[in-house]
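Chains as they are written, first to last, in our numbering: chain A, 8 to 267; chain B, 705 to 1017; chain C, 13 to 550.
By construction, these hints were calculated from the structure, which means they are not laboratory data.
These numbers were taken from a predicted model, which means no experiment stands behind them.
Note that CB positions come from ideal geometry on N, CA and C, so glycine has one too.
Be aware that a few hints might be false.
To be verified - What the simulated footprint calls covered on chain C by chain B, stretch by stretch (three residues with Cβ under 8 Å from a Cβ of chain B suffice, anywhere in the stretch; the number is not a length):
#	segment
1	226-236
2	253-265
3	269-283
To be verified - Per label pair, the in silico range of CB-to-CB distance:
#	chain 1	residue 1	chain 2	residue 2	range
4	A	Pro42	C	Lys418	28 to 36 Å
5	A	Gly10	C	Ser65	56 to 64 Å
6	B	Arg930	C	Ser65	47 to 55 Å
7	C	Gly275	B	Phe875	21 to 29 Å
8	A	Ile83	C	Gln470	47 to 55 Å
9	A	Pro43	C	Thr244	55 to 63 Å
10	C	Lys230	A	Ala22	57 to 65 Å
11	B	Leu718	A	Thr166	31 to 39 Å
12	B	Phe875	C	Asn178	53 to 61 Å
13	B	Leu858	C	Gln213	25 to 33 Å
14	B	Val832	A	Phe160	35 to 43 Å
Said to hold, decoys possible - With the Cβ distance kept under 8 Å, some of the chain B side facing chain C (calculated, not the full set):
#	residue
15	Ser797
16	Arg798
17	Leu861
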Amino acid sequence: MGGAIVVVIVVAGFAAPLIAPYRPDAIDFARLLSPPSGAHLFGTDDSGRDVFSRTLYGLRVDLVVVLLVTYIPLPIGVVVGAVAGHVGGVVDAVVSRLTDIMISFPFIVLVIATVAIVGPGLTGVAIGIPLVSWALYARLARSQMLLLREQQFMLAATTLGFRRSRVIFRHGVPNLLRTCLVYSTVDIVLNLLVLAGLSYLGLGQQPPGAELGTIIAGGESNLLDAWWIATLPGLVLVLFGIGMGLLGDGLSDDETRSNP
Amino acid sequence: MIGYLVRRVGTSLLVLLGLVLATFLIVRLVPGDPVQALLGARATPQAVAQARQALGLEEPVLQQLWSYFVHLLTGDLGTSIPLQEPVSSAIGSRLAPSVLLIVYGLVVALVVGVPLAVVAALRPRGVVDHLVRFTTTFAFAMPTFWLGLMLALLFGLRLGWFPVSGYESGFGGVLRSLTLPAITLGLSLAVVVVRTLRTSLIDVMRTEYVEAARSRGMSTTRVVVRHALRNAVMPTITLLSVDIGFLIGGTVVIESVFRLPGLGTLLLSSVQRRDYPLIQAITLLAGAAVVVVGLCADLLQAVLDPRVRLGRS
Amino acid sequence: MSRFITRVAVGAAVLATVSACGSSGSSTPPKADLSTSSATSAACAGQPVRGGSVVYARQNETQGLNPLNAANGNGDIFADELLYSPLVRSDPQGGDTIVPALATSWEVSSDGLTYTFHLRDGVTFSNGQALTAEDVKFSLDRFGNPKINTLLSNVAEGYKSTEVVNASTVAVHLTHPVAAFLYNLSIFPAFIVPKNLVEQQGEAFWKHPVGTGPFKLKEFQAGSHITFERNTHYWESGKPYLDSVRFDFATDSSARLLELRNGQAQLADGVLFSQISSVQKDSKLQVQAAKVPLFVGLWLNHQRAPLADLKVRQAMQYALNRKLIDSSIFRGVGTIPNSVLMALEGDAPSSTVKPYSYDLAKAKKLMAESGYPKGFSTTLQYPAGYDYYRQLALLMQSEYAKLGIKLKLVEQPAATVTSNWSKSDYDLTFPFAQFTSDVVVPDEYAQFLAGDPSLGLQGFFSNWSDPSITAMVDSFVTSTDTAAREQLWPKIQQALMDQTPVINVMDLPFVNAHATNVCGTSVNALGVDHLENTWLAR
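Take these sequences, add in the hints, and give me the full structure.
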């Protein structure tokens, strides 16, 4: 169920140019703020743009950015955390303090500080989010590695005289990757919410470009007369989040069943 | 105990030092000249000199870092050039709404989260559990700014129970003006509370002494309240202390939606004004709050539960 | 900060009430019906009564209360207007005349170099201290000192000194005649403050200011609100009617509308054009449009070769479908301009100086004759936070595409747009989100745009200049001969229209809204509220 929702939304987003009935920036001043109808599923905004088409195109921007900022830091964090967890000692202490520092910054505050440095736009968000999230994966991978290190098969591999890198990457990482991937389903939703939130605050995607947060923010001033501009794209965001949540639950349930 | 305390405080200080260094870099990483960015091209030479002074850009970098650090120790966070007032006083006048919002949000999260977690944990994988799980998934997926807008529309405008935005001081004023923001903030955190507490409750309920209590004929409610809940509270407190960062982050967006004069809106306007000393100070403060709350939670836990300090030594 | 923080505007401040028009559900936006009768609700028929408080949801945040450092535009200026008074002021009921305030009468010497003001008797500051001629001299010397009056030193142009003639008379001396001097003296940099307190307290004075305005400061919560209470020493007897006024800083247009709709605020400024119909649907609310010289000013950077081409600029004028812009974006409350500047006092009527009409064929012909027959690519910057700029930018993008002009749109925070403009770092821009003149007469903006190049304004950063127009402007601003000025301005207006160094897209009113039981909501020619006249019907 969760998977199905996610697939539909992802496909709809990436196929936006094929599905969208209008160009996202096509204006029509004869049809301002028209309510949802057959011609305009999500209605039109205050420039007569089709909200449904803008939502699809916006979704594409959101998905691309969110996939990048989630799955680029994941391998980095996993490698750093796995090595630190297995090697221990000074390396572990340094990595732990570094992740502590990164995690201490409230996520959105750090991303806003990054935006303050590089200027508003998706670039700031794309730099700011990975800056923190590698540390989350590193911490997760490290704690998993600490558990794995003591398990029979890992100890066996070490006593057999395998090189440490082989032990970590051939035996350790595959086993802790699953936990990290499960966590990434939560992370991806959090990142999407942060991205939309920053765009809503005017720090992310810059209008007139379409992005779900900017579409919602743009509809705010007409919320009383044209509820659909802010409400319907918001529902798409919620739906995606629910899909990912269910998907993550499914994955972690499988896990609990396979490792009782 | 003393050893653990010293170690724990020591690592926190180390992290704080790291935070200081990281915030120090903010102004230095701005591409181009931060003074020009702040004042614009037509600024007078005096204004530029004054701003360089205020931003501490005149000395060699290491010297700058040292004086930044020394000033911090004396409580001097610099001066905001656009606001023409010390950063500490600008922050001081905005602190109350943010802190009250976080505390109120925490209360909402517990009031909503704990009962839901308990009913869900009573019958894992039962109908109620699934219902709770679905509701929390839904709440988790909701962007806070969108939820805030919808709450303001429903309870502020349609029903008229609360102001749609703005901040009032005094007990009654705070209660009126912060209720909708606190619900918005608290709901997103309640999700975390429900999930963690539910899991630890289920674990605790499976332990032998709860089984024993049950077998002696104690009612389920009694078991939950007297034994299970008590044992599940600690992990939840730890988790909440970790999530303080999440809460602080949430206030930025929520303060903006509800137009509250807190640190979040101050941070945003500082970004727009390129007021680097303020951005630096608020970022540092937010980070430090997370570290300090985390430390307090750990120490509290160490005092309450000796296993912690033994286990770690 | 730029010293061209533009403030509210001027013109024939005709108060108009936008009446409900009750159309809904149509695909074309309802057109707001702007009747010019100052129709007020039935509740306001009686005599003003004292008492009560109002909350005013305002789009600009107040940051400081020093009128010589009103760095935050209207957020600061409107608060200053409640706290202080000038010697003379624009008629609080609107119109272009200058009327007495702290000075009851004045004489101008025949050479136009000395203005003698007779001070009102028995005026006291809000702390009970009497107003003296020394206070006036002190305040005007600050006004005339460009080191103190950094923000708007242009309005103190020609100021030499003030002389205390006797306890109730001051003489102001100028270095050369300044036609607009009384207008310049009527606005916030020339507000009168108590000499002894400002000297004793320095910067701290502005945290607890004392003035002769209708209200005094009660509480200031930065970033949230500022509360004023009645100044019992106010010089207009019986006023103000209200016990207190609170400005809520609601920079977000939807927040203002929501506060108004749920009764949290009784007045709100900056009602968006697209929100007018929503306010009209609420029978407890009333929309008020004040005709002020606010305009949508499109600035062209003449350092960019295509924009320095006169035919291109004229083509851009003819390609603007202003009727469509007015009806769809401004809901019919805009006015099609016949000037490149905002509507100012002394403007010739449309029959004399003709507006640019929408004529795509002519625009295409002009483009073909220009140096850029195939068009060109360029960038338009516009301020964030104002829906109508985004709508306008999108509309212009599609209209100009028909001329081969490819517009890239860049939305920026308003402060960034202004700052880029002041560095000439733009192609096309809307430099000020609320683009208004500081005075009702054209002197200020004529000098900004076409004044002496030695002022260093580079044609108000359009980097355009025309010596013949500059010569006309110079004689216009120094002439004290009213008849000659009345003849000269339309010529300058026409010359600027022909050259079109910049483009006035639309003249706009200030759109405010208030609850129907709020009475006496007059604004002056500069769009400034006179809340001392405001009262609450029971």
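A quick look at each hint next to the structure:
| no. | hint | verdict |
| --- | --- | --- |
| 1 | 226-236 | holds (count 4) |
| 2 | 253-265 | holds (count 5) |
| 3 | 269-283 | holds (count 6) |
| 4 | A:Pro42 <-> C:Lys418: 28 to 36 Å | 33 Å, holds |
| 5 | A:Gly10 <-> C:Ser65: 56 to 64 Å | 58 Å, holds |
| 6 | B:Arg930 <-> C:Ser65: 47 to 55 Å | 54 Å, holds |
| 7 | C:Gly275 <-> B:Phe875: 21 to 29 Å | 22 Å, holds |
| 8 | A:Ile83 <-> C:Gln470: 47 to 55 Å | 50 Å, holds |
| 9 | A:Pro43 <-> C:Thr244: 55 to 63 Å | 57 Å, holds |
| 10 | C:Lys230 <-> A:Ala22: 57 to 65 Å | 59 Å, holds |
| 11 | B:Leu718 <-> A:Thr166: 31 to 39 Å | 35 Å, holds |
| 12 | B:Phe875 <-> C:Asn178: 53 to 61 Å | 56 Å, holds |
| 13 | B:Leu858 <-> C:Gln213: 25 to 33 Å | 48 Å, violated |
| 14 | B:Val832 <-> A:Phe160: 35 to 43 Å | 40 Å, holds |
| 15 | Ser797 | 5 Å, holds |
| 16 | Arg798 | 6 Å, holds |
| 17 | Leu861 | 5 Å, holds |
Violated hints amount to a single one, hint 13; each of the other numbered hints is respected by the structure.
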